[in-house]
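Participant: On the provided structure of chain Y, position chain Z as indicated by the hints.
Residue numbers (the working numbering), protein chains in the order written: chain Y, 1 to 869; chain Z, 1 to 123.
Note that these hints are calculated values from the structure, not bench results.
Remember, predicted model here, so these are calculated numbers, not experimental data.
Mixed in with the good hints there might be a few duds.
Said to hold, decoys possible - Straight-line alpha carbon distances no greater than 20 Å define the calculated EDC-like cross-link-like pairs of lysine to aspartate or glutamate that follow:
{"#": "1", "chain 1": "Z", "residue 1": "Lys40", "chain 2": "Z", "residue 2": "Glu29"}
{"#": "2", "chain 1": "Y", "residue 1": "Lys542", "chain 2": "Y", "residue 2": "Glu655"}
{"#": "3", "chain 1": "Z", "residue 1": "Lys54", "chain 2": "Y", "residue 2": "Asp711"}
{"#": "4", "chain 1": "Y", "residue 1": "Lys618", "chain 2": "Y", "residue 2": "Glu818"}
{"#": "5", "chain 1": "Y", "residue 1": "Lys815", "chain 2": "Y", "residue 2": "Asp708"}
{"#": "6", "chain 1": "Y", "residue 1": "Lys690", "chain 2": "Z", "residue 2": "Glu18"}
{"#": "7", "chain 1": "Y", "residue 1": "Lys849", "chain 2": "Y", "residue 2": "Glu818"}
{"#": "8", "chain 1": "Z", "residue 1": "Lys54", "chain 2": "Y", "residue 2": "Glu818"}
{"#": "9", "chain 1": "Z", "residue 1": "Lys108", "chain 2": "Y", "residue 2": "Asp681"}
{"#": "10", "chain 1": "Z", "residue 1": "Lys40", "chain 2": "Z", "residue 2": "Glu62"}
{"#": "11", "chain 1": "Y", "residue 1": "Lys542", "chain 2": "Y", "residue 2": "Glu517"}
{"#": "12", "chain 1": "Z", "residue 1": "Lys54", "chain 2": "Y", "residue 2": "Asp439"}
{"#": "13", "chain 1": "Z", "residue 1": "Lys19", "chain 2": "Y", "residue 2": "Asp681"}
{"#": "14", "chain 1": "Z", "residue 1": "Lys108", "chain 2": "Z", "residue 2": "Glu18"}
{"#": "15", "chain 1": "Y", "residue 1": "Lys418", "chain 2": "Y", "residue 2": "Glu604"}
Each chain is listed here by its residues.
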Amino acid sequence: MEATGNHDDSARANASAEICLDLSGRIVSAVGIVAPLIGNDIAAAIGRPIFDFVAAESQGNFIDAFQRALGGARVPNGSFRFTASGDPLRLEFVSTAGQSDQPASSAVCLRDVTVAQREKDINTLSRDLFNSALDELREGVIVYDADFHVTQINDALISALGLESLPPEALETASLARGFPGLVPDAAEFQQIIESGREHHTVARVRTARGIDTNLILNLYPVRDATGRVAQVVETVHEFAADQETAGRLQQLYRRQQEKVRILSVLNKLSNDFAVSTDEEELYPRITRTLVWGLGLHDTVAVLSIRNPDTGQLTLRSLFGLDTWPFELLMDKPPEVPEFTVIGEEMERLVPHLFELGLRSAIYAPIIVEGQNAGWINIFHRSREPQISEEETLVRILTENLKHFIRRWNAERLLREKVLTLLILRQVSDALQVGKSRDHIAYTFLTGVTAEEGVGFNRAFLFLLEDEEERLSGAMAVGPATPFEAGEIWNRLRREGNDFSDLLTDFDKIESLTKTELNTRVRACEISWNPDSQFFNAFESKSPHILHRSEVTDDGERQALEQLGCEDFVIAPLFATDRPLGVLVADNMITRTPIRGEDLRFLELMCKAGQAALENIKLYEELQSKIESLKRSNVLMQEHRARLAQLERLGAVGEMATTVAHEIRNPLVVIGGFARSLFSDLAPEDASRKYLQIIIDEVARLETVVTDLLDFAKPMTPRFRAVPIRDLIQQSVSIVEPEFNDAGVRIVTRLVRPSVLAWVDPDQIKHVLLNLMQNALNAMPGGGRLTIFARTGKEMLHIGLRDNGCGIPAENLEKIFEPFFTTRSAGTGLGLPIVQKIIRSHGGRISVKSVVGRGTTFLMSLPYGEMKI
Amino acid sequence: MYTILIVDDEANLRLLYEKELSREGYAVEIAATGKEALEKFTATPPHLVVLDIKMPGMDGLELMNKLLALNNRMPVIISSAYASYKDNFSTWSADAYVVKSSDLGELKATIRGILEQRYGASR
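Next comes chain Y alone, as it looks inside the complex (with noise of 0.2 Å):
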């Protein structure tokens, strides 16, 4: 069982989890953060088998890796999915039997070492970029870390020593220390330089590996981190010549060592950044502050300026060093120089007026992506020229490095255009399917399609087709009147963390942005159809184009274009399946951008949407009305139904009626009859005449309630005449005014003039009178007043009578039509079913209206007509 002490502490420092297992792979322990291994309940997890929680493409591997560690081999960390967490952790197979500090069953552990591995690996990405920083540069660097360790040793010094064959872990502070005496600091002289912060020079004398003796300049400069502490030792090893020693070379060199470093530290802290920065904004001003740092802050101006990959525009991003005016000449390179270019002396007559604010040497860096410029790094000096070469290399690897961040933001930029319109075409289609007006959609669409900058329209015209598709009609427009306003609902949304359907459930208070002056004007235009008419001819492509107003010709189009301050616009046209809807019309005229081929396929996909959400309302619109008319018919349908349903029962009634009345008469007929011939047949003074008597009237009473009956059940079919109804009237109100004066009531007529001509059968209606005047005078036993009354109306004629008798209860009044409804002792309660009958068949209606103890009203309608005299 190989297992290296040194090899297991470093491990385990490394590690996040800790999982140890027995030979047959359970869980023995599980310590640390095992969760994305084995899940929150560890102790569940403690005895089962660790297979159970790896993902079934792991599993092989999985095994495999166990095994050769139960076997004691070493094995290299791997890549496994756990089903409890999505991404695959990086796992170490280490054999731990016999280990006092493990448990007694352990035989292998796992070790979760992928957050250490993550960071090994950014690490080695910052590290590479160093080292290839440090490879550039011709002198001798080597960089210790705060514990004397060796950590970094560049090829020009492995050269110049000539160690190029030797193993790396030669390449370590003893090792060299002893190789190479003078070279290395002492511990005494290192740990000064680290408590200090102060810089060393020193001077030695070395035999490289080939035996050559060499002089050599070493400076020791200490590098701080974040926290101001130091952390590195960078030592500069540089050559000389023995008869070239001079003072003022020696300064010189010492200052250029010094540069070095700063660049170096430059180096490192960039390439931290490039490796992990996502947010453009800030990393460009971070890339010029520290370039003007790094080199010299008295002396330094950085520009840097990107161009826009959609208008090809070069801005400015970033400026460190100068604070007037004018950036742009800093920007863009003189044109007679080729692409890289550093410039010293020939500054003033290539850049003059950048010689005039002061500035003595140029770099201009370009920027390239995929074969075309991106940008510029530019760097300018108040000094003569650029202070040191290595600033050149410093430049190009930092184009270098833009340029991949470049490619990735680009990369970014498009996929986040994608994720976003994909995003609000989904918020809108979810929007369009809950609205619920032709208002909302239209405004839920037209909203869509201006979204946001960068993906969509400034603004957006919808218009739609009217009159049998022969004119086109402005229906909405949704446009800012500033670019801020258009941002401006979306910010909000997302501000407030809203759905766009909440935005529609407040569409009503959002409804005044609907009356702006854009809506107001694209209301007034109208275009009406011509073989000319772009708009029109629209349909005829069936997917959107770009037009400019010049391109068209039609008055009208032109008009309405002109008003809306159309330019460059797109067109597309919306189906309703096959059928044309309308067409939308949008522009950029707000910001200006020019339209893309992505913009086009932007809005063919809103259109799909918008279109199936307008033909919806368009259908449920028409649905809504049919379900009204339906709904009218219903309800008069109920009516019939409930009126048939009447007169079968009545039917019914009156056929039983018949044979039931007939049975009754024929023995009436002889029970009456031989009680009057006996009547007839006694004396006067006969005391059992009086008896005979009642028998008489009781069966006329019976006979009456027969004829009631047969009369009720006859079909009565009026035989209509035109009458002067008010003499009608007059008529039915002499028959029975003798029994009214008796009973105390009196009959006051407000009647129309003598030509009213009522179409109807006299004798029926005269019945009618006779029937409402009769239950009029039972309704007033102590006298009252009935008022009859006639008035001529649009097609009817009105005849009320009204008494203020005792009046019907409520719950009575919709019965008192109902056949044997009768609250009085005598009466077949016919009566007014008779009289309704009548009336109805007359083509007219009847009704009443009553308060219990102030009196009833009976109004019905006839037809009518005016006599001509």
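Facilitator: Here is chain Z on its own, set in the frame of chain Y:
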């Protein structure tokens, strides 16, 4: 003295008519069915016939047609419990249509009127 032939399937009604019409001073013949009525009609021709419509076997209308075929100047009064036949045109051949009532006044007046009209002064 006038002779009146009464045709009705109800025995009690026949009795009533006989009593009351005799009191009026008429000679009354009664028949229960159409067949009987035809026999009596040919045997003893009356001055006027009163008949019911709804009768089993031969109904009143059929009988009426047969009687009128024998003597088309014979006055016929239909006395029926049904008011609806008043509107039936086939009853128009009758000289009068009276709805049965316990008050025989209308029937008596109608008989008197027709006899006067047809045969001149009463009795």
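Participant: Now tell me, hint by hint, if it's right for this structure.
Facilitator: Each hint, compared with the structure:
no.	hint	in the structure
1	Z:Lys40 <-> Z:Glu29	8 Å, holds
2	Y:Lys542 <-> Y:Glu655	72 Å, violated
3	Z:Lys54 <-> Y:Asp711	19 Å, holds
4	Y:Lys618 <-> Y:Glu818	48 Å, violated
5	Y:Lys815 <-> Y:Asp708	19 Å, holds
6	Y:Lys690 <-> Z:Glu18	25 Å, violated
7	Y:Lys849 <-> Y:Glu818	16 Å, holds
8	Z:Lys54 <-> Y:Glu818	32 Å, violated
9	Z:Lys108 <-> Y:Asp681	17 Å, holds
10	Z:Lys40 <-> Z:Glu62	16 Å, holds
11	Y:Lys542 <-> Y:Glu517	30 Å, violated
12	Z:Lys54 <-> Y:Asp439	77 Å, violated
13	Z:Lys19 <-> Y:Asp681	11 Å, holds
14	Z:Lys108 <-> Z:Glu18	12 Å, holds
15	Y:Lys418 <-> Y:Glu604	14 Å, holds
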